[in-house]
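Undergrad: Now for the letters of each chain:
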Amino acid sequence: MDLRVNGEPHSLDLDPRTTLLDALREHMGLTGAKKGCDHGQCGACTVLLDGRRVNSCLILAVTLDGASVTTIEGLSHPVQEAFLEHDGFQCGYCTPGQICSAVGMLAEADGASLPDAEIRERMSGNLCRCGAYPNIVAAIREVAAR
Amino acid sequence: MTTTTERAVGQPHRRVEGPDKVTGAARYAAEYQVGDDLAYGWVVQSPVARGTLTAVAVDPLVEADDVLAVLWHGNAPRLGKADDPELAVLQNDRISYRGQAVALVVARTLEAAREAAASLQLAIDAEPHDTVLRADHPDLYTPEKVNPDFPSESSTGDVDAAFAGAAVRVDVTYRTPALHNSPMEPHATTALWAGDDLVLYDSNQHPPGIAATVGALFDLPAARVHVITEHVGGGFGSKGTARPNAVLAAMGAKVTGRPVRLALPRQALFSMVGHRTPTIQQIRLGATADGKLTAVDHQAVGHTSRLFEFAEQTAVSTRHMYEAPAVRTGHRLARLDMPTPRWMRAPGEAPGMLALECAMDELAGSLELDPVELRVRNTGFDSYRKCLGLGADRFGWHDRDPRPRRRREGDWWIGTGVAGATYPAMIQPSSARARRQPDGDVEVSIAAADLGTGARTVLTQIAADALGLPYDRVRVRIGDSTLPQASVAGGSSGTASWGWAVTGACRALRESGGLDEATFDSTALVEKLNQEGKHAFGAHFAEVRVDAVTGEVRVSRLYGMYAAGRILNPRTARSQFIGGMIMGMGMALHEESVLDPAMGTWVTHDFAEYHVPVHADVESIEAEWLDDPDEGLNPMGSKGIGEIGIVGSPAAILNAIHHATGIRVRDLPARLDKLLPSL
Chain A
1 MDLRVNGEPH SLDLDPRTTL LDALREHMGL TGAKKGCDHG QCGACTVLLD GRRVNSCLIL
61 AVTLDGASVT TIEGLSHPVQ EAFLEHDGFQ CGYCTPGQIC SAVGMLAEAD GASLPDAEIR
121 ERMSGNLCRC GAYPNIVAAI REVAAR
Chain B
1 MTTTTERAVG QPHRRVEGPD KVTGAARYAA EYQVGDDLAY GWVVQSPVAR GTLTAVAVDP
61 LVEADDVLAV LWHGNAPRLG KADDPELAVL QNDRISYRGQ AVALVVARTL EAAREAAASL
121 QLAIDAEPHD TVLRADHPDL YTPEKVNPDF PSESSTGDVD AAFAGAAVRV DVTYRTPALH
181 NSPMEPHATT ALWAGDDLVL YDSNQHPPGI AATVGALFDL PAARVHVITE HVGGGFGSKG
241 TARPNAVLAA MGAKVTGRPV RLALPRQALF SMVGHRTPTI QQIRLGATAD GKLTAVDHQA
301 VGHTSRLFEF AEQTAVSTRH MYEAPAVRTG HRLARLDMPT PRWMRAPGEA PGMLALECAM
361 DELAGSLELD PVELRVRNTG FDSYRKCLGL GADRFGWHDR DPRPRRRREG DWWIGTGVAG
421 ATYPAMIQPS SARARRQPDG DVEVSIAAAD LGTGARTVLT QIAADALGLP YDRVRVRIGD
481 STLPQASVAG GSSGTASWGW AVTGACRALR ESGGLDEATF DSTALVEKLN QEGKHAFGAH
541 FAEVRVDAVT GEVRVSRLYG MYAAGRILNP RTARSQFIGG MIMGMGMALH EESVLDPAMG
601 TWVTHDFAEY HVPVHADVES IEAEWLDDPD EGLNPMGSKG IGEIGIVGSP AAILNAIHHA
661 TGIRVRDLPA RLDKLLPSL
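Line by line, the protein sequences give chains A and B.
Just so it is clear: in the first sequence, position 100 is 100 by UniProt numbering, and no numbers are missing.
Just so it is clear: in the second sequence, position 133 is 133 by UniProt numbering, and no numbers are missing.
Do not rely on the hints blindly, as some may be mistaken.
Derived list of chain B stretches under chain A, where covered just means 3 residues or more per stretch with a C-beta under 8 Å from a C-beta of chain A [to be verified]:
| # | region |
| --- | --- |
| 1 | 18-24 |
| 2 | 178-188 |
| 3 | 238-244 |
| 4 | 452-459 |
| 5 | 589-599 |
Hints in this document: simulated from the structure, not taken from any laboratory.
Positions of the beta carbon are idealized from the N, C-alpha and C atoms, including for glycine.
Given the sequences, and given the hints that come with them, work out the whole structure.
TA: Shown next, in the form of structure tokens:
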């Protein structure tokens with residue numbers, strides 16, 4: 001199967017049971033997307049699939065022939081700098097998912113006003129056990145206001 | 001040498017490893033590329049809570065494609081003696097709890113390992129189990145010590161007489177459920193053997209401790225086990241000592257001759273890596289009519305496992321928090337067919353202060369005395385008094401109508417609550433090395449672990465000041481057991497302990513008259529230090545609104561004021577404080593490991609069922625602190641800040657719920673089903 005990841009074409013021969021997350025982490029050396037639960041409950045594995053945020057642990061890779069995936073390794077977005085400035089993470093394990101989710105969410109909002117409550121609601125699929133939520137929201141708020 | 005007058009300590013430096021964490025470059029234990037023949041381990045867990053494993057049908061599986069080994073006690077390598085019986089994996093036929101590791105599958109692919117583990121046939125003689133903690137459990141006993149080394153019981157004065165004679169009395173029982181640390185990164189190890197030496201990429205809070213513990217099991221000195229722990233996706237106590245994943249990965253690598261990666265699935269964390277014991281706590285408070293405590297009695301019941309005694313120090317903070325002529329505390333445990341409870345963020349203080357601080361609120365209500373004032377009248381600690389006073393001002397406490405169930409806005413009942421916080425200032429011996437580089441920069445090395453605390457950053461700041469160098473001329477190496485030995489990242493003791501060693505090594509290098517390297521071991525100094533009676537304090541304030549129709553609780557504001565030594569980095573410190581407070585919110589409102597007595601296990605074993613706070617739960621939350629350096633404690637004047645945020649914050653929320661609704665929830669968490677019947 002063929003998959004474009006971070007702009008690069010990849011030709012893969014995968015077990016049909018392999019998830020997109022495991023394809024990235026175990027077959028392509030892209031470990032930025034994290035495995036926190038493997039059940040779509042924590043959001044640590046969030047990547048952008050054809051520009052849309054998805055839980056990569058819930059998608060079988062073989063269903064994605066011809067698709068285009070962006071992982072944290074392929075991102076260059078102001079949200080990343082805002083996370084550094086606002087200390088939007090501690091352990092860093094949920095961070096790639098939070099950032100990919102934020103980038104996807106900002107695109108979904110498409111310029112609509114994003115009060116804090118709206119950001120929180122839209123980001124609630126991404127868990128952070130360190131409790132960096134207020135800082136993550138501050139980072140996203142700053143970028144959304146630009 | 002370049003000198004600088006601007007101190008790095010106290011500056012809000014960004015995290016050193018931040019750029020790696022926001023670009024996906026930071027590597028965690030299961031993410032190292034270790035050769036072309038990497039194999040994957042998958043743990044098979046016991047489906048019963050008590051019994052014996054008599055046989056495992058290995059043969060059909062090892063004939064399957066891609067399966068390399070199936071290990072159980074019938075064929076697994078023998079291990080050396082384990083101080084922690086939970087690490088004696090696959091060594092005998094006893095099953096001591098549901099979810100215990102009983103076999104390990106190693107396969108060429110992750111998918112094959114998982115499928116083989118799921119299809120493995122186990123022959124088990126199951127026995128009746130006992131997993132329910134009760135205050136009248138017939139097997140309750142008093143442990144000799146409670147964690148880490150406190151006497152189980154304490155008594156001053158005649159508590160029964162003082163309580164009987166008190167003008168105002170509170171006698172209440174609070175219950176907290178089993179809780180799970182649930183770090184975002186599940187426990188994971190990538191193990192490989194290099195000759196007779198063992199290399200472990202492992203997610204933990206103490207690389208040298210893991211090296212020593214796992215080494216002993218494989219008859220290796222710690223120096224021949226290389227533990228690499230560059231980044232850790234949270235631990236909250238659950239990675240403080242080695243867990244079965246490290247031993248199983250090493251065993252699998254030994255048997256197959258390949259590197260083995262073993263990342264526990266989320267569900268396995270709920271039985272295999274520890275939890276906070278459920279507690280049943282009876283608190284009795286007696287006071288004079290003007291609000292001076294005369295009697296304090298705190299009796300806590302918890303559980304431990306059949307394998308190992310872990311005794312949570314639930315009532316220990318009650319021994320110092322308030323002054324009273326008669327104070328008694330005690331702990332009792334039941335050994336159940338359950339996994340061993342372990343450290344979870346603020347073991348002892350978190351559940352114990354929930355009960356004490358809610359009981360204090362109940363006492364304030366009985367006395368018709370402001371709950372802040374009640375605490376001020378009964379503490380002997382000036383810094384605690386300051387946290388209460390200044391915190392109350394900053395939060396806007398004083399315009400509060402003290403009567404419960406008075407403030408209603410639309411469908412919402414609104415109320416505010418307060419609770420105190422305390423955590424011991426602990427320091428442990430550590431060593432560090434400072435080495436001058438050819439370009440004049442200095443590399444500082446210590447086998448510490450940064451779980452997201454900001455340790456790497458703060459140690460860089462400490463080192464820069466001790467060296468008299470600009471911050472950007474210092475590089476700190478941590479997360480490797482072969483570096484100078486460091487204490488555990490636990491008990492909020494990491495920065496104080498490691499920072500002392502780092503300061504010593506850097507000062508020695510600076511004063512060495514041109515040497516290239518200096519080392520420092522703080523052991524002798526730390527052993528001379530009297531740590532008794534050294535605590536951080538805080539005060540938590542909460543405003544909640546409770547939906548009168550649905551019983552939904554929202555925390556509108558959560559505020560913490562702390563006196564916790566010198567704050568070394570305000571950016572990362574604030575994050576630790578609010579992170580603890582948010583976990584406290586989870587404890588108050590969401591988190592509960594629900595036991596199924598028939599199955600003998602928790603039925604909540606993933607994030608769909610074990611609810612931790614999410615973005616939508618967290619509205620206004622803020623932490624501030626007093627300038628409170630304690631120069632007598634360590635060279636930085638710092639105290640630990642990783643745990644105090646979860647101490648008392650749940651009580652502040654419960655007290656606010658009572659103020660809002662008049663309903664006293666004494667059985668955590670305060671879910672809507674406990675509120676609705678009385679709303």
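Undergrad: All the hints need checking, so say for each whether the structure fits it.
TA: Each hint tested on the structure:
no. : hint    : verdict
1   : 18-24   : holds (count 7)
2   : 178-188 : holds (count 5)
3   : 238-244 : violated (count 0)
4   : 452-459 : holds (count 3)
5   : 589-599 : violated (count 0)
The earlier numbered hints that this structure contradicts are 3, 5.
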